[in-house]
Amino acid sequence: MNYKLTWVTIMFFIHFVKSSIGKKWIMACSGCFLLLFLCSHAAGNATLFNSVSLFQAYSDQLHGHPLIIAILSKILFSVFVIHIVTGVLLFFQNRSARSSGYKVQKRAVKNSLASRTMIYSGLFIMFFILAHTDAVSFGDHGTIGLTISSLFSSPGTIIFYIVSFLILAIHLSHGFWSMLQTFGINHPKYNPLIRNLTYAIPVFFLLLFSAIPLLFVI
Amino acid sequence: MTTTSISLSLEIWRQKDSRDKGDFETYTLINISTDMSFLEMLDVLNEQLTREGKDPVAFDHDCREGICGMCGVVINGIAHGPEPETTLCQLHMRHFNDGDTLVIEPFRSRAFPIRKDLVIDRSALDRIIQAGGYVSVNTGGTPDANAIPIPAPVAELAMDAASCIGCGACVASCPNGSAMLFTGAKISQLSLLPQGHPERHKRAMAMVTTMDKEGFGNCTNERECEAVCPKGISIRNIARMNREFVRASFLS
Ligand code: FES
Chain V
5 MNYKLTWVTI MFFIHFVKSS IGKKWIMACS GCFLLLFLCS HAAGNATLFN
55 SVSLFQAYSD QLHGHPLIIA ILSKILFSVF VIHIVTGVLL FFQNRSARSS
105 GYKVQKRAVK NSLASRTMIY SGLFIMFFIL AHTDAVSFGD HGTIGLTISS
155 LFSSPGTIIF YIVSFLILAI HLSHGFWSML QTFGINHPKY NPLIRNLTYA
205 IPVFFLLLFS AIPLLFVI
Chain X
156 MTTTSISLSL EIWRQKDSRD KGDFETYTLI NISTDMSFLE MLDVLNEQLT
206 REGKDPVAFD HDCREGICGM CGVVINGIAH GPEPETTLCQ LHMRHFNDGD
256 TLVIEPFRSR AFPIRKDLVI DRSALDRIIQ AGGYVSVNTG GTPDANAIPI
306 PAPVAELAMD AASCIGCGAC VASCPNGSAM LFTGAKISQL SLLPQGHPER
356 HKRAMAMVTT MDKEGFGNCT NERECEAVCP KGISIRNIAR MNREFVRASF
406 LS
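Protein chains in written order, with this note's numbering: chain V, 5 to 222; chain X, 156 to 407.
If we strip away everything but chain V, and leave its shape as in the complex, we get:
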């Protein structure tokens, strides 16, 4: 009896995940988690505005809890994988649902750049994260302050980082609004606020993250 109930629950979940709206929710929930991670990452990095040594101290603190780091990084990695795999799956499924394109390709919506390019901006961010973790996260955390100081001594790296933050901002500008819409949050009372946040949040992250490599130039 109990087994049967568990089985029913599992089937229900599989049905949900396989449905079109279920996939929307997966994208939105994983996106929400990644956005929260971005906030914590930004907060940690903000210590650099004070000094490299404070940043080093923050890193030492953080890595003083190896168990928490180990668990959180595994969860974070899984969420990234879920977000990326679902996104790529949606891209291919949707491409085949639109049997053949129109001769005249035109969008009725203005400012559709971000929504049109989600898959490309997303993949670019993935490559950025791979490069970034390779350069920073897997190195020696005891000397992370030095690692980033030397990283941002090359102008090529700085440009690469700032371009990536720009693309991240574009990705977020559709992602944030889209996430709320998927959660069912669309109400005339809150829509003006949401519309402003759709600009404010990406710009906030763009400025904050871009300022960091520039700190090392001046």
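Incorrect hints may appear among the rest.
Unchecked claim - Derived DEER-like restraints, expressed as beta-carbon distance ranges: (1) X:Pro304 x V:Asn49: 47 to 57 Å; (2) V:Lys8 x X:His352: 25 to 35 Å; (3) X:Lys368 x V:Leu127: 49 to 59 Å; (4) V:Ala50 x X:Leu406: 17 to 27 Å.
To be verified - In silico lysine-lysine, PhoX-like type, Cα no more than 20 Å apart, as pairs: (5) X:Lys176 x X:Lys271; (6) X:Lys368 x X:Lys357; (7) X:Lys176 x V:Lys107; (8) X:Lys271 x X:Lys209; (9) X:Lys209 x X:Lys171; (10) X:Lys209 x X:Lys176; (11) X:Lys368 x V:Lys22; (12) X:Lys171 x V:Lys107; (13) X:Lys271 x X:Lys386; (14) X:Lys357 x V:Lys22; (15) V:Lys107 x X:Lys271.
Hints listed in this document are in silico derivations from the structure and should not be mistaken for laboratory results. We treat Cβ as the ideally placed atom computed from N, Cα and C, and that holds for glycine.
Knowing the structure of chain V, use the given hints to seat chain X with the ligand on it.
Just chain X with the ligand, lined up with the frame of chain V:
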């Protein structure tokens, strides 16, 4: 009132049947009165083709007053043409200029097979309705009209959703070929009202499952559907459907 007339060059999708590959053909029309509707312009073209002994262009239409949802083609990349909140039959030639070239294509989507020229098969939408777009009412004495109080704003929202005529422009314009605006409107219309509450979980599950089975794509919130909808249906209805579906999946 002065009537002006314009000349047009039309590039129309011609396809013999579902199996035919199909291609564009170009026609020239002169002296088209700007008071004509778009469909009347196509009627003129078809008269001309018939007189020349050619096969007239097949297109769907019925009421020609914007309420039945039968008409619809894509004009220069936009479903139902350039005027917002206007069905094809209500679109007038005064919105076009002399010498314009109009590319006229059928609504395209995997779930909408083309039958002939501009005529498509939209029965997939009917099957979504059959899956749950109804309320079950037991027969008996006629209930009192206002026996169930419904707040006016809720009634308004339900009416807004109910104004969907099922033309399929949302699917045609969606880069993902998704039918979520249609399904969202139909689910909302019923689940907002008390009469629709008893079946809301069953309805949301059944309609969304059928929508997926029919081969429509996944919504990625592009908002194209809302922009071309001749009835101005808001994507707020999709947000409501997202909530309904999750509630049905986890709470029923
Ligand atoms: S013909 Fe009925 S809506 Fe256009």
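- prompt: Which of the listed hints are not met by the structure?
  reply: Hint check: 3, 4 and 13 fail, others pass.
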